[in-house]
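Visitor: One-letter residues, chain by chain:
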Amino acid sequence: MTLLGQFALWVAALVGIWGAAIGYSGRWRGRPALEQSVIRSVYGVFALLVVAAVCLWQGLVTHDFNIEYVSSYTSRNLPSYYIISAFWAGQKGSLLFWALVLSLFASLAQWLTPARHRSLMPYVAAVTLTIAVFFLSVMLFAANPFSRLSFTPEDGRGLNPQLQNVGMVMHPPMLYLGYISIGIPFAFAMAALLSKRLDPGWIQAIRKWTLVSWLFLSIGITLGMWWAYVELGWGGYWAWDPVENASLLPWLTMTAFLHSVMVQEKRGMLKRWNLMLIIGSFLLSIFGTFITRSGVISSVHSFTQSSVGYFFLAFLVMAAILSYTLLYTRWPLLEAEVQLESMASREAAFLFNNLVLIGIAFSVLWGTLFPILSEAVRGTKISVGPPFFNKVNVPLGLLLLLLTGIGPLIAWRKATTANLKRQFIAPVATGLATVVLLLLFGMRDGYVLMALGLAGFVTGTIVQEFARGVRARRRMYSESFPTAFAHLIARNRRRYGGYIVHAGMVIYFVAFSGMVFKREREATLKPGDSVELTSPYGDTYRLTHQGISQYEALNRVVTAAAVEVSRNGRPIGVMSSEKRQHVDSFGRPTFEPSTEVAIKSTPREDLYIVFAGAVSGTEEAVYRFTINPLVMWVWIGGVVLVVGGLLTMWPGTGPTGAPRRTQAGYQVQLVGAAAGKEQD
Amino acid sequence: MRPGNKFLLGSALIVVAVALLMIEGLKQFGQYSFNPSELAARVASDSSFYGVGLKLEAKVVPGSVKRDVASQTIDFQVSDGAHTIPVTYRGLAPDTFTDQQDIEVIVEGRLARDGVFHATSLFAKCGSRYEAKYQGSTKA
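These protein sequence lines are chains A and B, in that order. Following this note's numbering, the residues of the first sequence are numbered contiguously, the last one being 680. Following this note's numbering, the residues of the second sequence are numbered contiguously, the last one being 820.
Heads up, a few of these hints could be off.
[Stated by the list, open to error] Cut-off 20 Å, straight-line C-alpha distance, at most; resulting in silico cross-link-like pairs (PhoX-like, lysine-lysine):
hint, chain 1, residue 1, chain 2, residue 2
1, A, Lys391, B, Lys686
2, A, Lys518, A, Lys391
3, A, Lys518, A, Lys600
4, A, Lys208, A, Lys266
5, B, Lys686, A, Lys414
6, A, Lys266, A, Lys391
Think of the hints as simulated: they come from the structure by calculation, not from any bench.
This is chain A alone, in the form it adopts within the complex (with noise of 0.2 Å):
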């Protein structure tokens, strides 16, 4: 099978070449047959990487050891889903999983693109398949999942149990598929570069594809910090490693992108901006590659160090030059085509919101990069850590809070004076009502307050949206809340679904803050013994080491260590925080032990216990118990982000065809006498 599997790369290879050929030659014009050859090439090269990928999953199911990669990732005491999510565990499997997956994502472009855009897709075909042939050759020549070992090991190595969750079956996948996504927009422009379309028809065959590569990649971004809370033990999520960094770099400019393409849309403004966006998102998107891969920046993910970084570092140097040099050639015919006529009008909104986010990753990119460019240019290496992060990124973080309320709220082109008041009473209304209130109950964070503030702001914009819609649909339709609050929703999904996103966005910003108020509080215990902790709300926390149990699981040994919590003196129920040694189907231990933590979950907080170790032949345990506030509020609000993120996108009626230009336009007279029904 790894034979066929092999052959199949191979031949995908060259199918690939043959069809980017075809189609960056521009000969397909008035040749219907050789214009097919060019599409189904795409068809091909998915086709034939389903054979590899089945050859591997084969190999991974029937325990062929002798393929190094089975071996290496897997074991025969493995429970089967891992041994499926194996294929993407490793650098060698992943590669092919990414390979596979972009094909797919540009078969389903071809498809399902409607004819309209036809003379686009040629090119968009050769561009998929330039990455597609990119990966082939990465696997063919540096890292094949299908090579063998010159001997049959009785065991493979097993699955690293840090890997042996369930965040992190679904964790790389997700981020995967929101990296490989962010290749068919960049195909699209870059086809529409080529072919010299620059209408909007590329902006609107791409509408889906930005929303689904954005929603991976925060779906992908969240699981990995919830990845990181339950299995790390160090008792946070996000620690502005160079790894997560390079995780939220593309996210930040394509959240940027998903803005600025509605300026295109309604006002022909921004061309150029958005081209060198969706370019950025992508080669952004390959870097992140490059960081986890190469190891040229120290980070506490460590994956596999080979020279496949260097194959994604020439290409991405590759795809730059080429991919801004085409723009820079196409550049007069990107003009804009009205000017910005107010400050406060949506548009602008939006361009702070898109200064603000390439900020944000500017900052986070030069402080990831620091260590190598402060060596390259000083000699002497200097590294910044989370302080540096936070210290830039929360009032930037705030600052587009901030604009994610006043943006909903303007009017496109010009908004007047009488529109700005009706708008914004409520809203800043509720922001101060926040603050007011905090102050009572005694909060004096700066940072906290202002976050909370512009927290209920942003809340008061969206609902004040809501509100309005679902008025105007009860005096219009007569329909009762309900029904006018879903067909408020069905009849511009793009629209609400967005404030939704917006209200996640909040969400995360409230949890965020809460990790101001973190209590920890290590301690060594004898049986019997107990310590106090007091949350950040006052209540008294007790907590007492009950003792140690040893037992053995399927694939591994564990340790146990029990703590009874009481909370003001009524007790909660017991928590036991492990200790783990994984073992091969011989009982040989394989890897280091792992910490298996303990979490009580509330909406408040999270109580967080990491058994750390017994002192040597007796049951005294070392503890560290954490009170993290808030934190169940960054899984909702990842939540409510996703349920926002698919209602924009979800297929049906809504706003198609030729874009609208906002002619005249206020937006809430628009509400009142379309009773939302169409403009967003």
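Assemble the complex: chain A is given as a structure, and chain B must be docked to it using the hints.
Guide: Frame of chain A; chain B shown alone:
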């Protein structure tokens, strides 16, 4: 003022704010990052480097790790081949910190006059973090 110019002014303000925040942040939180040889060379030429907060990246000397669970103190040595520096750390170590071959650590802290590095944080990674070691295997 034309809206275009107003916008440029606003953008300039944001750009300046980002730049200032970054410069301040680097001044305040930038940390030297050395390997043991670099650190040894620095303190030899400039004794003011004792007691300066910095990061030290090196490999753990196999067999040097002494843990005292009761006081949560870990003493170990790190080396880059040329220089070896003793490290003392109080706190919980991550799972990846072990005594085996090829464990790389990043410790943050200060080098005291007595030559011991007092670490306040400890990050460990091993060259094959997501892959177990296979003893005596030969690859095809």
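Visitor: Of the hints given before, which are not true for this structure?
Guide: 1, 6
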